[in-house]
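Peer 1: One-letter residues, chain by chain:
Number of protein chains: 2
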Amino acid sequence: MQNVYLSNYELNEAIEIYLKKLGNFSLNKEKISTWDANGRITCNPMFSIISSPHYNSSAMDGIATKSEKTFSASDRNHVILEEFEDYIVVDTGDPIPREYDCVIMVEDLIKVDEKKIEIYQSATPWQNIRPLGEDIVENQLIIPSNHKIRPVDIGALIAGGINSLEVYKKPVIGIIPTGTELVEPGTSLKIGDIIDFNSRVFSAQVSDWGGIAKRYNIVKDNYQEIKNTVIKASSECDMVLINAGSSAGREDFTSEVISEVGELMIHGVAIKPGKPVMMGKVNNKPIIGIPGFPVSAYFVMEKIAKQIVEGLQGIESKVDKVIDATLTKRAMSSLKYLEFVRVKLGYIDNKFIATPLARGAGATMSLVKADGVLEIDQNVEGIEAGTIVKIKMLNSEENIKNTLVCIGSHDPIIDIASDIMHQRNKMYFLSSANVGSMGGIMSLNKGEAHMAPIHLLNMETGEYNKSYVEKYIPNKKICLVKCVKRIQGFMVKKGNPLNVKDFKDLSRDGLKFVNRQRGSGTRLLLDYNLKKLNISPEKISGYFREEYTHLAVAAAVSAGDADVGLGVYSAATMMNLDFIPVCNEEYDIAIPEEYIEMNIVKEFIKTIKSKTFKEELEKLGGYDYTETGDIIYQ
Amino acid sequence: MQNVYLSNYELNEAIEIYLKKLGNFSLNKEKISTWDANGRITCNPMFSIISSPHYNSSAMDGIATKSEKTFSASDRNHVILEEFEDYIVVDTGDPIPREYDCVIMVEDLIKVDEKKIEIYQSATPWQNIRPLGEDIVENQLIIPSNHKIRPVDIGALIAGGINSLEVYKKPVIGIIPTGTELVEPGTSLKIGDIIDFNSRVFSAQVSDWGGIAKRYNIVKDNYQEIKNTVIKASSECDMVLINAGSSAGREDFTSEVISEVGELMIHGVAIKPGKPVMMGKVNNKPIIGIPGFPVSAYFVMEKIAKQIVEGLQGIESKVDKVIDATLTKRAMSSLKYLEFVRVKLGYIDNKFIATPLARGAGATMSLVKADGVLEIDQNVEGIEAGTIVKIKMLNSEENIKNTLVCIGSHDPIIDIASDIMHQRNKMYFLSSANVGSMGGIMSLNKGEAHMAPIHLLNMETGEYNKSYVEKYIPNKKICLVKCVKRIQGFMVKKGNPLNVKDFKDLSRDGLKFVNRQRGSGTRLLLDYNLKKLNISPEKISGYFREEYTHLAVAAAVSAGDADVGLGVYSAATMMNLDFIPVCNEEYDIAIPEEYIEMNIVKEFIKTIKSKTFKEELEKLGGYDYTETGDIIYQ
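Protein sequence lines correspond, in order, to chains G and P. Sequential numbering from 1 applies to the first sequence in UniProt numbering. Sequential numbering from 1 applies to the second sequence in UniProt numbering.
Misleading hints may appear alongside valid ones.
Since the list can't tell identical chains apart, any single copy or any two copies may satisfy a pair.
[What the hints assert, rightly or not] In silico lysine-lysine, DSS-like type, Cα no more than 25 Å apart, as pairs:
1. 532 / 401
2. 31 / 227
3. 69 / 493
4. 531 / 306
5. 501 / 318
6. 190 / 602
7. 390 / 318
8. 275 / 471
9. 392 / 148
10. 619 / 392
11. 477 / 401
12. 31 / 329
13. 220 / 21
Simulated from the structure, these hints should not be mistaken for laboratory data.
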């Protein structure tokens, strides 16, 4: 059954219509102790019940006296005061009896005898007295209604005599995962199974927004079961989120269920990802049908569900923090939708740069890696590279300014170096993108990276890397920092069942190869050897299947959907494959000279020179680190 | 016993020394389910255990086939494919058998018969296939160590087969309130009692920082008791915060206790407020002695305790968000200390302005009202008005840009209007400062406020407000919006025991008056009447005691430490006092014409015209709102 979109509302329009149809939320209140109210939302303005301080007190150690008795005092005309007659002794915090109106501090007193003191300057009324209510006056407004209570508010409330107050109850949000293909985490996976993690992500989001998540068990694609669960949830919760499965090619009963037991107000909004969202009302509670693809689900949660969950607590959603950044690649988009593009941010040469991440609605890692979101309006057909765009932040500006941007060839050891560097100095982060050696060189050219790991073989000289940086980065002075020498070779199933020995074997019939993307050093290494042997790519089954990392190639072999791939030793061992060495290569890091003195770059070099890093290389095997961290070319 | 400061270290120096002496924290770890890990901190980098998707699947509804069979297909040369021989039918998400390498979508197929289809364009290898590991490859890094887990991370971790992981335990922070003067909230207060609220504020701060607060009962100023509690807490907790009572004029055993049972490393830091802070170690746990004054305590918590609590979870404290703002008043400071000045921020004429708030270490309301903090470096002697300063934000830029700045004469109804406006539109806030009518006019002059409530009587004409705005704001076109007519009068104890009838009575012997500050309309009203009656201020006992609000005056009378004050009817009734009317006056709001069209100003005017607001005025009594919200002068 194909799902037909009922509508294609513009996002804000859809929310407006939905909120109007929902009407005012009936917000539940509860009375709690002030000291348990941190982070909760006030129902009413809170006025103090008592004054603080609740009496006039001395702000000094000294005497409380009557100012008019001191007016004539001066250096030439000392005035004598008698205890109990004219003054009493007070300490800081002591109450001031009504008959006195000022305090003279002990430093300004000359003792005559036990009962007499002399003063040599006049006192002004109310000097050195902390009057009743100086901090808080009875009936004074302390915090307004719909205010999120902070620690300092708790202090002022208690000081003002308010020991309990009414706050909005945390709304209970029901979360229903549906789909016959869904299995619980930990189930041993069969082909076609999909682990349900969306419902766990929703639960965490809901609690971040101040709600209480109530997750229901997975419901198979069965109309009656879905209907029963929706009815149950709508009676037990203040709001229901139903994870409605993908929009196409599957059973999708959600919209029918909502229409039958309640009212489906909107189905389909002009956003991408997220268009198949449903908004409705069941049992007078809001219900939202969230698409199944993780990224679609994420944006529907953030852009639509969030403000309902917050609205149920009487709070207004905050607008996201926005920065300006330069777009590094063209961002395509459709005229039909408002598009949310996840971007990786970098801070290079004192400006932010934004690189779009994988677009797929299933790319959960793009959400993990994203530093921000670029929203491309409906009726805009993509944005050109180099444009300055507004980015809604998911990460802090500070973190991004402390992030080393590393773009180029992939090796698992870059992730390891990144982690060790962060351990050594928690202020610093490293972000890496795997676009191959040539891609890395181009990023340096365009000023989009601080460094680029490369392993590029000069086919004439047989030498690595130097000639490429000279040729392809003419306008920048580049240093090469030695990372490692590493072994490239064939990754094959344990025991090498097809007996792969060298490049000739790749063209063998029935043997399936898995390749790396164009521009990667490993791909160049392959092509160089095929050329030497006059083997044409078409001869190699699987030559056109491109993967972006050594691990992805190894995974394909280990899953048995390819027989052989070319890659590094460590990837093979991680995936428990056999490895047939082909050659050693120089895996170096190209860094523009202008960056080499940056603290974060220095920290990175210290990191790869560290004992910890070399121990990790030992564990992985296949790496030679004799020169690691040395500048081998400048 | 006077407390002598042992040291006067510069803040960062003190923290550095302290952290070095503490050595590495022994961080406790625990293994928890991935779906319970939101907000927790990873101990290790997390690598995926499985790939996602875990098989090659179709990204479309259509057929899976072999690309080489399609290469010759074109519009002029259709190619026929046979089911099972050349292709199989697949739905989105279906697995792709090893013998096929691409998917052609249903829209591009021409059906010949049940078992045959025709295609008119070639397919490229791996088109429309979602390959194994497209999202996550086995052994891929998902999140690094020391990473605060977010909802999206939970999704990726579960997708990567990680169902549990090691995180740092939440540190337990012991909180010990000490002081013989301290009483629990709710105790009926005797003179000299102080309600303990600091420990409740600390608890809330600690949980905001990811710790678990363990509050101990109040400990009297008794060496042995304090010692026993410190020993107990240091054995039960990962860190101890002891609220050490004020620094002077009191018993202070804390430093001695820390020195005896552990090590006191630092006592006294060059910050203000907060200088008497103590940093030490007991039973190998960090212990911090926090000063008793609430504001001192706040800054010691934020500037020192916070990074220890976060360090115990393996996280680095984030740097605060900073903005530039223009200082409206001179901010004094001492050369001896780094000073923390709480400021109220406003956004006027497209720039931020910062107004220092009350400085007293006891002023808890200054923390509630503060939008940010101005740090004045040691060796800097104050900062001049008009200087552009860096403000560390406590509130969001967005909120401040949506805040109406109202500076001038005080009336309780301004707080009420503020609350109703926020109810009507949760985006908007109103911040008010009570500096009297003349102060409000000066703020408008200097562009530091959007509006100023005033009630200024022209002593010649007997007319209100107009002549003042004309005379004192010559360079701005000002509108007067009618707020209310209100009754001013004498506030006296119930039954008017001293039988106060008019201004003559104020000079009576034995009668104690409480006054309003210079520049307030109420003060001018008093002086005007005294002048008419030729009564000299010196004749009036209490004339020189100045309070800033009607409520503060009423509080003084109700507490019996004055017999009479001049103020509005509503303040008298709130404090349950008798009220002897003196005159009606015009309480209007002066707004520069350039602001009158701002949405937030319009919203304010709508608010005071609203039924809700007028109902509140009815409840308070003493207000005439016939013209409320009308522009009465332009």
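Peer 1: For a quick check of understanding: which of the numbered hints are violated here, in increasing order?
Peer 2: When the structure is compared with the hints, numbers 1, 2, 3, 4, 5, 6, 8, 10, 12, 13 turn out to be violated.
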